[in-house]
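Need the complex rebuilt from these two chains, each delivered in its own frame; the hints are there to steer you.
Those protein sequences? They're chains A and U, same order as listed.
Anchor point for the first sequence: position 17 equals 17 in our numbering, and the numbering is continuous, going up by one each time.
Anchor point for the second sequence: position 40 equals 40 in our numbering, and the numbering is continuous, going up by one each time.
Keep in mind the hints are simulated off the structure, nothing from the lab.
Nothing false has been slipped in among the hints.
A few chain A residues facing chain U, derived, Cβ under 10 Å:
id : residue
1  : M1
2  : T11
3  : K13
4  : S29
5  : I57
6  : M65
7  : W73
We put the beta carbon where it would ideally sit given N, CA and C, even for glycine.
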Amino acid sequence: MASPVVASIVTNKASYAKGETITATMTWSDSDRTDVTITGTVTDSSGNVGTGIATIIIDPADPQMSSVPSRPWVRTSNNGTVATFTATA
Amino acid sequence: MSTLTITGTVTDASGNVGSKTVTCTINDDAFVLGETKPVASNTGLNVENPTLTIINGDLTIDNAWVAANGTTFTNLWIKGHLIFTANVAVYGKNSRISGRTFSTPGSPPRTAIVYARSTSTPTNARLHLENCKIEAVQPDVNIVCTSGEKMGLLKRCDLSGGSDGGNWWGTNASLRMEGCYVHDYTFWTNDTKHANDGFWPNASHNDGGQTNGCVDLWAFGNNFDMRADPNYGDYAELISTSSPAGGFPGGAWGSALMLSCSTGYCTNAQIKKNWFGYGRNPVMMPYQSNGLFADGGCSWEVSENRFYALPIGYGSGRASRHLIAWGATLGPLPESVWGNVFTNDSTIPSNLRGTTVPAPVLQGTAGSVTAQYISRVTVTP
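Okay, chain U solo, but in the shape it has when bound (with noise of 0.2 Å):
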């Protein structure tokens, strides 16, 4: 419950003014962090309903600017970049982040509508941001919403519009999100940062949250919902039956956890109460840097999500859905993913609701760095 304070004024044309003040209550939402499902009415901006001040261009968070702001901001619509290099901590609030235009497809001005990447800030420089709204008012196949080693905490943010949702890279990078809303990525299929891929060469592989390795990963109570903006880039081609990869109906596609840890290691990770819908693949991590916690689990649990509409495979046999995959060996211990549920939620159709998440199999030969653990359903396409 808070105090709403309201002030009534009123200025004649020789400048005298009268007012009034009274107070009313607001009682706070009903919004229970991993109890209540994280959507487009109770995060970003609408959890407080702020009134913006506009910043048209980039803003750039630097010692300079911390000296003359302090270390928080709130109510403010960025219209293009927000840039972090600060060397301490700041707190974000009630704020909309959405980019700016640019001429080049491609070559946006910098590849994240928040960027956090600096290696020369203490590792707790970090800028973290709560009841944001962040969008990409021109999507990109190189933007993504956040990116950087210096973000912080997303908490009940609003994050669409990018080719990824928010990245945590680099070294001292930590994931960390807890209520947020992290929906409608952009697809493209001229990724040539992917193009690698063995199944479908240079479509983009779109995360709802990714890191390369952190410690105390935290991602508690948000909702993913992992299906592509059919209003912007490559939509058709990913739905289409004639695509590389025989298509994605609904635009189902991409992971919403992707642990790609190729420089370091997750450790101490808690993926917990989250709503994880569509994509192909919800949590994922393909492998840890070879060498820690060889069969010794790594303080992770994945636990009491809850996955409300399946994902679409990938690749040949796509009857084949994985929910969960982890590294066998360097990964976490098979007990510590329990309480996974689907939610048979009546908005979803019947075909997508799955029943029951089964326990993680092995996939491959335990002690190699391929095999996998992995709980999946497996349906009719």
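In isolation and in its complexed conformation, chain A is listed as follows (with noise of 0.2 Å):
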């Protein structure tokens, strides 16, 4: 199994005064995921069928930030290949 990929982390900027946002982007990755769409099928005697459709994901990842000295990180979006954070400076 192959570990996550942080791509990278940008922030919105360089410096910030105390008490400023800081926004930070993660680009990231997980080359084991794998979303599985499952359909199953009810079909009658007379032909008829019903379907119904599920989607799973195998081996999820979950991204998250921390920073040294601690800050609250808040995870503000994330839509599986990018992930936002937010932090008080």
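Put into structure tokens, the structure is as follows:
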């Protein structure tokens, strides 16, 4: 199993004043992740078909942010490849 | 300027981890001790915005705790009392201490949110707190924010909700605070500790910082906003014109620094570059214990303080508002009181802004322990 990869972390500024909001954007990937679509069907004796579809994720991954000194980091978005976090400087 | 090291991690369901680290620069706050007025946004937890670990209940820092945890702690939220009895100095930072609830008013679990009273430990075994928020989750007539002869330096702390802010009591105590924001004390009319008040018996005497005698007193760059919290205690009686004292508009009452040296002396005292607002006697030393420093000064300096809102006079004839008062022959020399000013802060109502801080004048008979030097302003209430 391969490890996830954090390709980059980009802050919206290089330096901050005390109390200012830091926005950090992480670009990441996980090659092991597999999205599987499952389709169930029921066919009656007349040939009528009913279907249901579900999607599951194999080996999902969870992006997080931390810092030293510590700050409470809040994840504001995550689309599976790009996650955005904020904290107070 | 400091560096913030940011680490992003991604962990998958199999436990595999990917990470990357970057840094950015934090331009430390422009807080300059003695020049920047301490307020809520630049003191306490707002200095470094720490992530806190909760401790439910009291935390006792004794020798066993120090042996296990060392002489520092940081990033704690103590939902109880902080009790200090260790025989070495301990430094706490970026923490919140809030006390706990109790069932019987007047009988709190401890008389202080931070309780550092011990006569059995070495003199230098003190508890120092920096960037801490100290508040009373359940204010009470018998709760102050900090108390004890083992209280050390309070630095950029935010103190509120106590009937007093900081108390440094007992033998070898030493009042030391710098860059602190002391505000929103709680006022009470059932304070039996002050049943002997000749003007308003049983009214609590609320003080920002108090000692009954100490060496090396250091009060530098603090902001004492001496107004009561309207949400607790007997605030309605405090401001009512029908109260025994005739009412104190805005809840202005109490002394910012009360040096009631009943058991010792205040020596080598520096009260400099603080901000004083409201209250009734911002800097008050009613007396020193008899004997020492008579007619010789006592290494005091009360200088370059800023008064940003007039206090309200106490007792009859309240037009006389004392800014600085101290015992005549047992206190500092008058020339050690200099450079104190009104700020004429535009955010303060004009009728509460003073103009000139007058030189102290002697009240009473020089040589008598009842005589005081008083710097006061006389205004129409």
